[in-house]
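Please build the complex by placing chain D on the supplied structure of chain B, with the hints as guidance.
Chains as they are written, first to last, in our numbering: chain B, 568 to 842; chain D, 1277 to 1558.
A couple of the hints might just be wrong.
25 Å max Cα-Cα, derived DMTMM-like pairs, lysine to aspartate or glutamate [claimed, not checked]:
| # | chain 1 | residue 1 | chain 2 | residue 2 |
| --- | --- | --- | --- | --- |
| 1 | D | LYS1451 | D | GLU1462 |
| 2 | D | LYS1306 | D | GLU1431 |
| 3 | B | LYS656 | B | ASP797 |
| 4 | D | LYS1391 | B | ASP698 |
| 5 | D | LYS1445 | D | GLU1477 |
| 6 | D | LYS1391 | B | ASP693 |
| 7 | D | LYS1502 | D | GLU1331 |
| 8 | B | LYS803 | B | GLU781 |
| 9 | D | LYS1445 | D | GLU1303 |
| 10 | D | LYS1391 | B | ASP701 |
| 11 | B | LYS662 | D | GLU1376 |
| 12 | D | LYS1317 | B | ASP698 |
| 13 | B | LYS662 | B | GLU811 |
| 14 | D | LYS1391 | B | ASP697 |
| 15 | B | LYS739 | D | GLU1415 |
| 16 | D | LYS1317 | B | ASP701 |
| 17 | B | LYS662 | B | GLU787 |
| 18 | D | LYS1451 | D | ASP1509 |
| 19 | D | LYS1317 | B | ASP697 |
| 20 | D | LYS1451 | D | GLU1473 |
| 21 | B | LYS721 | D | GLU1376 |
| 22 | B | LYS739 | D | ASP1509 |
| 23 | D | LYS1445 | D | GLU1431 |
Note that these hints are calculated values from the structure, not bench results.
Please read these numbers as outputs of a predicted model, since none were measured by experiment.
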Amino acid sequence: MHHPQVLRSQMRWECHGGQEESKQEQIYVGRSLMGPPTPFTLMPMPGVPITHTQQPYVTGTSVLGLIYEGGVLIAADTAGSYGSTTRFKSVERMKAVSNNTLLGASGEISDFQAITQLLDRLIVADAMWDDGNDLGPLDIHNYLTRVMYNRRNKFDPLWNTLILGGVKNGVKHLGSVSMIGVHYVDNHIATGFGIHLAQPIFREEWKENMTLEEGTRLLEKALLVLFYRDRSAINKIQVANVTEDGVHISQPYALKSEWNLEAFKNPTASAAGSW
Amino acid sequence: MFRNQYDTDVTTWSPAGRLHQVEYAMEAVKQGSAAIGLRSKTHVVLATVNKASSELSSYQKKLFKIDNHIGIAMAGLTADGRVLSRYMRSECVTHNFVYESPLPVGRLVVQVADKAQVCTQRSWKRPYGVGLLVAGLDETGPHLYQNCPSGNYFEFHAFAIGSRSQAAKTYLERKFESFMDCSKVELVRHALHAVKESLQEEELSSANCGVAIVGIGEPFVILDSKSLQAYIDSLEEGKNDQAAKLEVEEEGNAAVIERQDISGGAGVGVGAEGEGPTDMET
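For reference, chain B alone in the conformation it holds in the complex (with noise of 0.2 Å):
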């Protein structure tokens, strides 16, 4: 028996084109298409709390950072998934902030983009000072961990885990903050799925002043791991390199990658029962 519910959920799309349709009936909607039940309102009721969104919709997956002897280089791939599809795979995940500073984020991307607008703003007010004094990547790590932490406490997060690296006066920074305001700072960072693929191999494998050269294949080796196994990225990849200089990205590139082995290749040979 179809609960009331779940038929308004299945009519989600069209309540949002027809508009002409009643308020009424859309005012409350039961059941979304992903994750747990939670309710939203279209419209404030007196009586319903206010919630905010609960859950991504587009997302990124892992971004990996190091840091080398020239600076720093994070690399991400394109894909913007939509659930357990790959929707979008020419997403920009990781955007220049200032000359010396990159940000790279996994998570939802329309709140990413919100965050390269804050960021650009900020960014602007500071260069409009034009006194010799200019915000750093340990600056605007700061500055975005206490936004991330202060709409965490208002219990509307950015769904994000930046990363945040860069080069200044000679430091290399590269630092990470979650969506709940954790933030910190090493030689190496992942986020997402790289936490748990990417970083055992840095740490195995990282050394201090790795050449470019030696950064960037240890960056493509994670990401390779990662395009195997982790089923939301894509082979479609972008390495930035922030230096003293300037900020670099690459254009989106493809690793080589294996397929041709024996279970792929007759993949339901030992399964029982199909035909």
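Frame of chain B, contents of chain D only:
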């Protein structure tokens, strides 16, 4: 200046295009005891003339630490100065909390100037009656600024405000070109000479003057009377070995501070606790 019919309100212009109340506020600064500031490539020194209202009382506090890298000397209504320094400290602390780095002194000075300007354009307020000499560091090095009740701010190589400051200014004008390359000790000696000019007949001692120093790698400290007296003695007796001893001490202190410097940016000292003389400020 004489009383006239346009000076009752700060929001009344005179026909000559002046705001008399603001000018009267600047007079209040000139009545206060002198404050002097001078800077080199690496340090800024502030010095004040400490005038006690009677033999029984202590003198008014005129040197305030705002943050590890910023300090002020004031002349005029020190009560207004206290309020402004509370505002400045709050701004520095907030900036540090949000950005984890020190507020550049130039930006703080502009914020104070804007705050002072508000009081020149509200009929229910009065201008602050205090002039500030702000010594601080930012990424481009050490700076010395003056904040006026009018809401103006200026940057200086060296300056003096308050009563009998003209004598000090004359000394500074003669000598300022050599300040840039001065060592810390030489700079303090110049400051004390300038204070001496303002004191005129009185003997210079640690009882009637105050000195504070901030520099690259060195947090703002107000010298205690012992260190201050040592500088004064080195001045008056012209003893080179005394100065050398001072310099060695200072090198030692500076080295310790630099080792404990954990700030990410270049040059701005986030100093070690307990270094140097006891600081009266928290």
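Hints, verified against the model:
1. D:LYS1451 with D:GLU1462: Roughly 12 Å between the alpha carbons, so the hint for LYS1451 (chain D) and GLU1462 (chain D) holds.
2. D:LYS1306 with D:GLU1431: holds (19 Å)
3. B:LYS656 with B:ASP797: holds (15 Å)
4. D:LYS1391 with B:ASP698: holds (20 Å)
5. D:LYS1445 with D:GLU1477: holds (17 Å)
6. D:LYS1391 with B:ASP693: Holds: LYS1391 (chain D) and ASP693 (chain B) sit about 19 Å apart, inside 25 Å.
7. D:LYS1502 with D:GLU1331: holds (21 Å)
8. B:LYS803 with B:GLU781: Holds: LYS803 (chain B) and GLU781 (chain B) sit about 20 Å apart, inside 25 Å.
9. D:LYS1445 with D:GLU1303: holds (17 Å)
10. D:LYS1391 with B:ASP701: Holds, because 23 Å separates the two Cα atoms, which is no more than 25 Å.
11. B:LYS662 with D:GLU1376: holds (22 Å)
12. D:LYS1317 with B:ASP698: holds (17 Å)
13. B:LYS662 with B:GLU811: holds (16 Å)
14. D:LYS1391 with B:ASP697: holds (20 Å)
15. B:LYS739 with D:GLU1415: holds (17 Å)
16. D:LYS1317 with B:ASP701: Given that 25 Å is the threshold and the Cα spacing comes to 21 Å, the pair holds.
17. B:LYS662 with B:GLU787: holds (19 Å)
18. D:LYS1451 with D:ASP1509: holds (21 Å)
19. D:LYS1317 with B:ASP697: holds (21 Å)
20. D:LYS1451 with D:GLU1473: The hint holds at about 13 Å.
21. B:LYS721 with D:GLU1376: With a Cα-Cα distance of about 23 Å, the restraint between LYS721 (chain B) and GLU1376 (chain D) holds, given a limit of 25 Å.
22. B:LYS739 with D:ASP1509: Since the Cα atoms of LYS739 (chain B) and ASP1509 (chain D) sit roughly 46 Å apart, the hinted pair is violated (cutoff 25 Å).
23. D:LYS1445 with D:GLU1431: holds (15 Å)
Going down the numbered hints, you'll see the structure goes against just number 22.
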